[in-house]
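With the sequences and hints as input, model every part of the structure.
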Amino acid sequence: MTRSRSKGVSTRQRSAGAPDRHLITAVDRASRVLLAFTQSADFLTLPEVASRAGLSKPTAFRILATLVAKGLAFQNEANGSYGLGSLNLRLAEVILGGISVRESARLAMRRVRNQINETVTLGVRQGDACYYVESLEGRQTIGHSQTIGVALPLHAVPPGCAILASMSDDAVDDYLRHLPASAKSGMAGINKQRLLRQIETIRRQGHAASSGDASGVGHAVAVAIPCAKGGSDASLHISFPKGRFTNDLEQKCIKSLKDAVRTITEMRAVNC
Amino acid sequence: MPSKRAGAAGSTRYNIEAVARTAELIQQFSRTAPRLSTRDLTRLTGISAGLVDRTLFTLQQHGLIRTDQSAGNVHELGLRWLQLADIRRRQVDIRLLALPVMRRIRDAVNETVILSIRAGNRRVNIDYVESTQAIRRLTQLGYEVSLHIGATGRVLLSGLAPEELREYLKSTTLAVIAGGASISEKQLRDDLEGVRQFGYAVAFREITSDTAAVSAPIRDNTDEIVAALTISCPEERFTRELKQACIKHVTAAARDLSQDLGHKAAKSPLR
Numbered sequence: 041m042t043r044s045r046s047k048g049v050s051t052r053q054r055s056a057g058a059p060d061r062h063l064i065t066a067v068d069r070a071s072r073v074l075l076a077f078t079q080s081a082d083f084l085t086l087p088e089v090a091s092r093a094g095l096s097k098p099t100a101f102r103i104l105a106t107l108v109a110k111g112l113a114f115q116n117e118a119n120g121s122y123g124l125g126s127l128n129l130r131l132a133e134v135i136l137g138g139i140s141v142r143e144s145a146r147l148a149m150r151r152v153r154n155q156i157n158e159t160v161t162l163g164v165r166q167g168d169a170c171y172y173v174e175s176l177e178g179r180q181t182i183g184h185s186q187t188i189g190v191a192l193p194l195h196a197v198p199p200g201c202a203i204l205a206s207m208s209d210d211a212v213d214d215y216l217r218h219l220p221a222s223a224k225s226g227m228a229g230i231n232k233q234r235l236l237r238q239i240e241t242i243r244r245q246g247h248a249a250s251s252g253d254a255s256g257v258g259h260a261v262a263v264a265i266p267c268a269k270g271g272s273d274a275s276l277h278i279s280f281p282k283g284r285f286t287n288d289l290e291q292k293c294i295k296s297l298k299d300a301v302r303t304i305t306e307m308r309a310v311n312c
Numbered sequence: 051m052p053s054k055r056a057g058a059a060g061s062t063r064y065n066i067e068a069v070a071r072t073a074e075l076i077q078q079f080s081r082t083a084p085r086l087s088t089r090d091l092t093r094l095t096g097i098s099a100g101l102v103d104r105t106l107f108t109l110q111q112h113g114l115i116r117t118d119q120s121a122g123n124v125h126e127l128g129l130r131w132l133q134l135a136d137i138r139r140r141q142v143d144i145r146l147l148a149l150p151v152m153r154r155i156r157d158a159v160n161e162t163v164i165l166s167i168r169a170g171n172r173r174v175n176i177d178y179v180e181s182t183q184a185i186r187r188l189t190q191l192g193y194e195v196s197l198h199i200g201a202t203g204r205v206l207l208s209g210l211a212p213e214e215l216r217e218y219l220k221s222t223t224l225a226v227i228a229g230g231a232s233i234s235e236k237q238l239r240d241d242l243e244g245v246r247q248f249g250y251a252v253a254f255r256e257i258t259s260d261t262a263a264v265s266a267p268i269r270d271n272t273d274e275i276v277a278a279l280t281i282s283c284p285e286e287r288f289t290r291e292l293k294q295a296c297i298k299h300v301t302a303a304a305r306d307l308s309q310d311l312g313h314k315a316a317k318s319p320l321r
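Heads up: the sequence lines are chains F and C, in that order.
For the first sequence, this note's numbering gives the first residue as 41, with consecutive numbering after it.
For the second sequence, this note's numbering gives the first residue as 51, with consecutive numbering after it.
Among the clues, some could well be false.
To be verified - Across the chosen pairs, the derived CB separations fall in these ranges:
(1) F:F83 - C:R246: 33 to 39 Å
(2) F:L86 - C:N171: 43 to 49 Å
(3) F:P87 - C:R89: 39 to 45 Å
(4) F:K269 - C:D273: 42 to 48 Å
(5) F:R302 - C:S232: 24 to 30 Å
(6) C:Q190 - F:P87: 40 to 46 Å
(7) C:F254 - F:N116: 39 to 45 Å
(8) F:S140 - C:F254: 40 to 46 Å
(9) C:D273 - F:V108: 26 to 32 Å
No lab work stands behind these hints, which were simulated from the structure alone.
Note that CB positions come from ideal geometry on N, CA and C, so glycine has one too.
Right, dumping it as structure tokens:
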């Protein structure tokens, strides 16, 4: 009885967007409170949380109190500010445990980081987006820090472009047909012809490179990790501050990444 | 089921219950059960299917849940949690995290507890809690020494990749400070293998001629050794019983701290 009703909710949601009447207000607010925290705003006071989540202070307080009790947030005893709790780490571990390529990639990523001493990041494809799921930072004083767990349109970043280039022409066409939807998430004004030419170049060279990633301040080189079924569902990339770019460094990155991807491919389970 | 209207009308209890229910639902996902159907979640939590679906639908709008309808309405955690976990990891100040643990160890064994990190080819002490005994191991913040010397350094050295270790060995004379004796490369490699295998290092008379120490690695979510936790004492007090107690306390604490940094459940180093 209840089950069939719940199926109805899911079906409607997928076919007709997000009908507000199915949202649970408190869950929606709690999600907004959690997502109010960012890398640059990792500790927030109650007024800051309320402001960022668009809630009143009493509402934000009650939600935070529940999140703290459940381990999703914590309160700093010294100054009363809030941060994200340890449960987030456990949930991330559940997700990462399901990304099979990660296990094969870890050693290779470390080797690349040690060889190049710049930030090495594993990205995976989910739908039309590339998500960075793990990053090992270089040990230099100034380095490129990646944002983990954020959806980036495939065409917007070199690791996504590398994945895109590994897809069949039909799959690329299909992706491009959906581009307006992806572009809404921050990549307006994409030139499709230019993108197709870029994909051709990546296919020819075996790597994607860009002086300017999603953040616009780094240089990135990416190589797709092949999947047994063909195409690719992940990529490895090295990123560093633009100011350190040299042709020599880029060539070293390409060689190191291609060696790493060869190793990962050998180690990887047949099913991906 | 409480209506949305009831919640909006000011039922704080409803709001909190909905958030608590959300936390309960998401905690059902695990490494062994990363994908769960609505029916699974209902069975595991006793929450009605309607509420499960509405809660997960709401989380889905924020990228916190992903539902695969083609696979029979199966849910999994959304990759957005990785962003929150990354923020959480960066919030953590290892010294603040370790200090209460170090105090607890000191209270348990009443010996000096030291937290150290690697800085290039050296190990540096970044915090310590001293024993309250009159005769005790003394140290200083910022004290540094080569990585192959002492239990702490060897724990940090054990985390180096083979090529990093080769570089270290090329650039270092394997001397031991206290006795002026040197350690062979083979002996050092054997020691490092022991640390990897058992999860701790023990050293005598290496930093000074009258100290002993037990050290264990603290790892982060990427499995990298980010710090070493060490108990150090005068060698004359380092009986078999104290050694065993130190190993027990330091490995358990290092494991807990590693988990706080997002390291997955560590293998027990103790048999």
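Cross-check of the supplied hints:
At roughly 36 Å, the beta carbons of F83 (chain F) and R246 (chain C) sit within the given window of 33 to 39 Å. Remark: the range hint 43 to 49 Å for L86 (chain F) to N171 (chain C) is upheld by a beta-carbon distance near 45 Å. The supplied range of 39 to 45 Å is met by P87 (chain F) and R89 (chain C), whose beta-carbon atoms lie about 42 Å from each other. Under the hint 42 to 48 Å, the C-beta atoms of K269 (chain F) and D273 (chain C), about 29 Å apart, miss the expected range.
For R302 (chain F) and S232 (chain C), the Cβ-Cβ distance of about 40 Å falls outside the hinted range of 24 to 30 Å, so the restraint is violated. Here the CB-CB span from Q190 (chain C) to P87 (chain F) is close to 41 Å, well matched to the stated 40 to 46 Å. About 41 Å separates the C-beta atoms of F254 (chain C) and N116 (chain F), a value consistent with the hinted range of 39 to 45 Å. Separated by about 44 Å at the C-beta atoms, S140 (chain F) and F254 (chain C) satisfy the suggested range of 40 to 46 Å.
The hinted window of 26 to 32 Å between D273 (chain C) and V108 (chain F) holds, with their beta carbons roughly 29 Å apart.
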